[in-house]
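Participant: Using the sequences and the hints given, assemble the complete structure.
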Amino acid sequence: MKKSFVIIAAIVMMVGFTSRVMAQTSAIKSNNANATVLSAISLAVDQALEFGAFVPDASNPGTVTMGVTDNRGFTVVTLVGGTVIPKSGAYTTSGTKLAAYTITVPTASFNITNTSGTTETMAVTGMTCSGGLTHQIAIGGTDSFKVGGNLAVAAAQVPGLYTGTFDVTVAY
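Just add 1300 to the spot in the sequence shown (first one is 1) and you have the working numbering.
Simulated from the structure, these hints should not be mistaken for laboratory data. All C-beta atoms in this analysis are idealised placements derived from N, C-alpha and C, irrespective of residue type, glycine included. One thing to keep in mind: the hints can contain errors.
Stated by the list, open to error - What follows is a list of derived Cβ distance ranges for each label pair: (1) P1406 x A1327: 45 to 51 Å; (2) T1404 x A1323: 54 to 60 Å; (3) S1359 x T1404: 36 to 42 Å; (4) S1359 x A1438: 46 to 52 Å; (5) T1378 x L1338: 16 to 22 Å; (6) T1419 x S1359: 21 to 27 Å; (7) Y1472 x T1407: 18 to 24 Å; (8) L1379 x T1407: 24 to 30 Å; (9) A1438 x V1337: 18 to 24 Å; (10) L1379 x S1339: 38 to 44 Å; (11) Q1347 x A1423: 20 to 26 Å; (12) V1337 x S1444: 22 to 28 Å; (13) G1417 x E1350: 20 to 26 Å; (14) D1357 x T1419: 47 to 53 Å.
Facilitator: Quick look at the structure:
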């Protein structure tokens, strides 16, 4: 019996030393997949950009500047009061609360044209935006901003109502 025990122990030891030790070759870990869906962003015009009334100089070109806080400045022209009150262009953005968004205003000049049938124009340049070009929608789901710019007035600019359009873009 002792002899059988020794033989069995020897066989077990040989098998134990010759068996392979298997290393772990894979691992699994679960992860999450997430997505945030934002509300569509929209833009409403609350107030047109209005440079107001002025008289050009007969000999020299000038400018009318409308700031983003409804402040009007000028060079060479004479500002006049009237029924049209000078105002910055005003906008309201709606979208996902607390989402950041960018505003794009014209960087190139654009013209406004005399509506009396002539081809006279004035160039609008230097568009600016209140608070810069990056904003955040408030917790209520909206944000407001204003735009301003500079109007180039020719010497002896032809009188009349001048109008034109420009694009402002908002995007997440």
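Participant: Hints first: check each against the structure and report whether it holds.
Facilitator: Checked hints:
A C-beta distance of roughly 56 Å is found between P1406 and A1327, which places it outside the suggested range of 45 to 51 Å. Hint check: T1404 to A1323, Cβ distance near 57 Å, so the stated range 54 to 60 Å holds. A C-beta distance of roughly 38 Å is found between S1359 and T1404, which places it inside the suggested range of 36 to 42 Å. At roughly 49 Å, the beta carbons of S1359 and A1438 sit within the given window of 46 to 52 Å.
Evaluation of the 16 to 22 Å hint for T1378 and L1338 yields a failure: the beta carbon distance comes to about 48 Å. The hinted window of 21 to 27 Å between T1419 and S1359 holds, with their beta carbons roughly 22 Å apart. Between Y1472 and T1407 the Cβ separation comes to about 21 Å, which falls inside the hinted range of 18 to 24 Å. The given range of 24 to 30 Å is respected by L1379 and T1407, whose C-beta atoms sit roughly 27 Å from each other.
Between A1438 and V1337 the beta carbon distance is about 19 Å. The supplied range of 18 to 24 Å therefore holds. Checking the proposed 38 to 44 Å range against L1379 and S1339 shows it holds: the Cβ atoms sit about 42 Å from each other. At about 21 Å, the CB distance of Q1347 to A1423 agrees with the hint of 20 to 26 Å. For the pair V1337 and S1444, the supplied restraint of 22 to 28 Å holds, since their beta-carbon distance comes to about 24 Å.
Our hint of 20 to 26 Å for G1417 and E1350 holds, since their Cβ atoms are close to 22 Å apart. Checked against the hint of 47 to 53 Å, the C-beta distance between D1357 and T1419 comes to roughly 21 Å, which is inconsistent with it.
In terms of the numbered hints stated before, the structure departs from hints 1, 5, 14, listed from lowest to highest.
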